[in-house]
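Visitor: Here is how the chains run, residue by residue.
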Amino acid sequence: MKNRQATFISFTLAFMLILVCSSQAMAGETYKIGFSGAMTGPTSDVGVPYSKAIEDYCRYVNDEKMLGDDKLECFIRDDGYETEKTKRNFEEYLDEGIVFYLNYSTGSSLAMGKDFDEEKIPTITASYHAGNLDVSNYAFLPIVSYTSQALALADYLVANHKGDTPQVAMFIHPSAFGRAPVEDLKKAIAGGLKMDLVEVVEHGKDLDNTAMLQRWMNKKVQYVICQTVQPPVATMLKSAQGLGVIAAKYGEPGKLTFLGLHYAGGPDLVALAGSAVEGFYWTTSYTLMTEKGPGRDAQLALAKRYGRDDATANSQNYTNGVQVIQIAVETIIRAKAKGKKITRQTLYEELLAMNGYNAYNSLTTVGPASYSKTDRQGVDMLQLYRAQGGVFRPVGVPFAYTPPK
Amino acid sequence: MAQNRWLATGNFFTSYKEEQRIFLTHLDRLVFICFLVVLFVWPLFLEVGNKYMLVIDNILIAMVAILGLNLLTGFAGLISIGHAAFVGVGAYTVASFARILGDSHVLITHAWPLMILMAGGVGAVVGAIVGLPAMRLKHLYLVIATLSFQMIFQWTINFMSFFNQGQTISIGRVFWFTGKIVRKQHYFFWYYVILVIVIILGLAVRNLLRTRYGRCLVAVRDNDRAADAMGMHPGLTKVYAFALSGFFAGVAGALHAYLFRGAGFESFTLHQSISYLAMAIVGGLGTLVGSFLGPTAIIMLDLQVENLSEFFKHQFSAALDLATALRPLTFGLVIVLFLMFEPRGIANWWRIVRSYLKLWPFRY
Numbered sequence: 001m002k003n004r005q006a007t008f009i010s011f012t013l014a015f016m017l018i019l020v021c022s023s024q025a026m027a028g029e030t031y032k033i034g035f036s037g038a039m040t041g042p043t044s045d046v047g048v049p050y051s052k053a054i055e056d057y058c059r060y061v062n063d064e065k066m067l068g069d070d071k072l073e074c075f076i077r078d079d080g081y082e083t084e085k086t087k088r089n090f091e092e093y094l095d096e097g098i099v100f101y102l103n104y105s106t107g108s109s110l111a112m113g114k115d116f117d118e119e120k121i122p123t124i125t126a127s128y129h130a131g132n133l134d135v136s137n138y139a140f141l142p143i144v145s146y147t148s149q150a151l152a153l154a155d156y157l158v159a160n161h162k163g164d165t166p167q168v169a170m171f172i173h174p175s176a177f178g179r180a181p182v183e184d185l186k187k188a189i190a191g192g193l194k195m196d197l198v199e200v201v202e203h204g205k206d207l208d209n210t211a212m213l214q215r216w217m218n219k220k221v222q223y224v225i226c227q228t229v230q231p232p233v234a235t236m237l238k239s240a241q242g243l244g245v246i247a248a249k250y251g252e253p254g255k256l257t258f259l260g261l262h263y264a265g266g267p268d269l270v271a272l273a274g275s276a277v278e279g280f281y282w283t284t285s286y287t288l289m290t291e292k293g294p295g296r297d298a299q300l301a302l303a304k305r306y307g308r309d310d311a312t313a314n315s316q317n318y319t320n321g322v323q324v325i326q327i328a329v330e331t332i333i334r335a336k337a338k339g340k341k342i343t344r345q346t347l348y349e350e351l352l353a354m355n356g357y358n359a360y361n362s363l364t365t366v367g368p369a370s371y372s373k374t375d376r377q378g379v380d381m382l383q384l385y386r387a388q389g390g391v392f393r394p395v396g397v398p399f400a401y402t403p404p405k
Numbered sequence: 406m407a408q409n410r411w412l413a414t415g416n417f418f419t420s421y422k423e424e425q426r427i428f429l430t431h432l433d434r435l436v437f438i439c440f441l442v443v444l445f446v447w448p449l450f451l452e453v454g455n456k457y458m459l460v461i462d463n464i465l466i467a468m469v470a471i472l473g474l475n476l477l478t479g480f481a482g483l484i485s486i487g488h489a490a491f492v493g494v495g496a497y498t499v500a501s502f503a504r505i506l507g508d509s510h511v512l513i514t515h516a517w518p519l520m521i522l523m524a525g526g527v528g529a530v531v532g533a534i535v536g537l538p539a540m541r542l543k544h545l546y547l548v549i550a551t552l553s554f555q556m557i558f559q560w561t562i563n564f565m566s567f568f569n570q571g572q573t574i575s576i577g578r579v580f581w582f583t584g585k586i587v588r589k590q591h592y593f594f595w596y597y598v599i600l601v602i603v604i605i606l607g608l609a610v611r612n613l614l615r616t617r618y619g620r621c622l623v624a625v626r627d628n629d630r631a632a633d634a635m636g637m638h639p640g641l642t643k644v645y646a647f648a649l650s651g652f653f654a655g656v657a658g659a660l661h662a663y664l665f666r667g668a669g670f671e672s673f674t675l676h677q678s679i680s681y682l683a684m685a686i687v688g689g690l691g692t693l694v695g696s697f698l699g700p701t702a703i704i705m706l707d708l709q710v711e712n713l714s715e716f717f718k719h720q721f722s723a724a725l726d727l728a729t730a731l732r733p734l735t736f737g738l739v740i741v742l743f744l745m746f747e748p749r750g751i752a753n754w755w756r757i758v759r760s761y762l763k764l765w766p767f768r769y
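Protein chains in written order, with this note's numbering: chain E, 1 to 405; chain V, 406 to 769.
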């Protein structure tokens with residue numbers, strides 16, 4: 001009798017042990033990713049759709065079981081564009097055990113670069129400031145830097161200008177983000193780029209830019225390069241329209257031709273500036289929702305699936321957000337495929353190996369995102385667009401731009 | 406003097422000296438010592454994440470700053486809306502050394518107590534200079550003078566390349582007797598450093614108020630002509646109040662720079678100055694205990710409002726504007742409510758609780 005009892009108990013225990021182990025194995029792992037961005041405060045018009053994109057794609061990954069039995073958990077918090085809050089969010093995420101971090105502002109990316117290195121955590125920033133890469137070996141840009149974008153625009157500007165040396169003004173955001181490409185542009189001019197940088201204006205919260213535009217006209221400025229977010233650009237364009245100084249064709253004498261870097265233009269600018277956007281030149285590495293393609297269809301489907309409104313679904317900032325989280329998820333998928341344990345280090349290694357045939361195409365960019373130890377700028381291609389009939393249309397084909405050393 | 410030094414339920418002073426004791430009863434002293442022991446010991450037993458250690462460290466730094474602002478506004482009656490700029494002066498003193506010598510220079514990493522003291526000194530000098538108009542100006546005019554200092558500070562930091570145009574100037578990790586303070590120990594280490602500084606400066610203010618220099622501040626606040634007639638120099642007293650306040654703010658700035666491992670423009674804006682003023686008002690102007698309660702209340706409130714904003718954002722996608730407005734709205738509302746219903750601040754609640762406990766179980 002006692003033997004039977006002992007056998008029964010040992011069988012029961014063994015069964016329970018197997019049950020516990022197998023249920024643990026079936027439950028899968030949870031990988032955590034953190035994002036801190038400006039959903040309120042300055043630049044929140046960019047940060048809101050950006051964060052919604054990250055949230056939606058995270059849900060999509062889990063709903064579609066893209067990681068098999070494993071789950072993705074995304075922490076998304078508002079930092080109001082304040083570095084102190086960003087740092088607090090980052091510390092919270094580290095306490096939670098994140099394996100990948102997505103940052104937003106230029107200021108916080110520069111301030112926290114050493115933290116990324118110390119924590120050895122791969123980080124993709126929404127800021128394309130080249131300086132982010134200097135302060136941290138673990139910082140990555142989703143596309144080419146502001147400097148490359150500004151220099152590419154400047155090259156185009158000079159190459160297509162007719163007449164004397166073009167007189168150029170810069171209209172920039174009053175922050176590290178806005179100032180990022182200014183010094184490099186000045187260096188390029190000192191190095192032989194044939195243009196004069198007449199004035200660099202850091203905008204405030206002006207509701208009208210008439211005085212500034214009049215001053216530029218008096219100084220014979222012909223081109224304005226914008227490095228800021230869309231609302232101040234829209235205000236300036238409306239003032240320019242009121243004055244009748246927007247060039248009808250590129251480089252028209254006595255008028256102003258406006259050009260913008262990634263965050264300064266796009267469909268969001270069309271929505272804000274209306275007809276004043278006509279003739280605005282804009283460069284980015286992303287494809288547009290106004291152009292038919294698989295990227296557009298996928299984005300619309302994603303936004304619709306999670307109940308987003310049309311403005312969000314068509315926002316290029318939503319596109320940006322999707323792309324960065326796609327890259328992060330892709331590193332997890334690749335590391336899993338190789339049988340590696342998902343850690344910060346393995347994801348960092350996967351990012352560095354994302355080049356050549358392994359470069360990642362997110363469908364919403366004009367070229368694949370590729371990273372290596374010597375190149376931490378994702379998509380190396382740029383596309384020039386021009387606003388025509390209320391829509392940004394491509395000008396020429398995508399081009400690779402490498403800034404002079 | 407009270408017969409029982411442990412449980413005095415009323416005032417039994419027979420001399421001014423007795424009235425000026427730091428602790429009126431032995432029980433007060435014992436409770437204070439026990440409270441200090443708790444403050445020093447709790448991190449050893451309770452595990453708190455880095456996020457909350459950072460919040461706690463921030464509260465302690467704000468306490469140092471508010472001690473200074475309370476001396477200026479609460480005790481000397483001089484309203485300043487440029488206090489964040491004074492804090493910034495301290496932070497940028499350390500950052501300037503880092504910029505010139507390198508962020509890991511031995512002076513920054515090893516002689517950090519000296520750097521903190523130096524930041525306080527620079528803050529005091531700048532405070533005294535900014536306080537010079539106080540010899541001539543009063544009330545609203547003085548407020549505008551401090552506002553202009555805030556503007557000058559912001560412009561200087563934002564546009565001078567030496568200050569990296571407001572972008573963060575990084576500061577290296579410090580060393581202690583045990584070696585380099587690595588990331589894991591960072592917030593824990595600075596908790597103790599800032600706590601010690603808060604205690605020292607708190608006792609210093611308490612002592613200052615017992616001296617004639619402290620009484621001078623209060624006399625000038627209450628009636629500067631009467632103070633003048635009594636042989637005090639109201640103008641110099643005001644400048645001295647600004648210098649003292651600048652010293653506290655400078656120390657707070659240096660601590661801020663070390664805690665965040667860098668100095669960046671956005672931590673020292675006009676908005677932050679108004680926050681400091683709110684902390685002083687909510688805590689209780691002209692009270693020492695208010696300097697500790699105000700920062701705690703406002704920073705914790707800020708944190709809760711943030712959580713509420715997050716909730717709104719997730720619940721109502723169209724309510725984003727509400728989420729953006731929630732912080733300034735709550736902030737303004739709290740100040741207005743305190744000014745209307747409790748102008749003496751949370752410190753008054755503390756006073757009521759203490760007197761109730763002192764007399765307990767009797768009501769009178």
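Keep in mind that the hints were calculated from the coordinates and are not lab data. Glycine included, every Cβ here is placed at the ideal spot set by N, Cα and C. Treat the hints with care, as some may be off.
Claimed, not checked - Short derived list, chain E residues pointing at chain V, Cβ under 8 angstroms:
#1 82
#2 84
#3 118
Visitor: Hint by hint, which ones does the structure fall short of?
Guide: none
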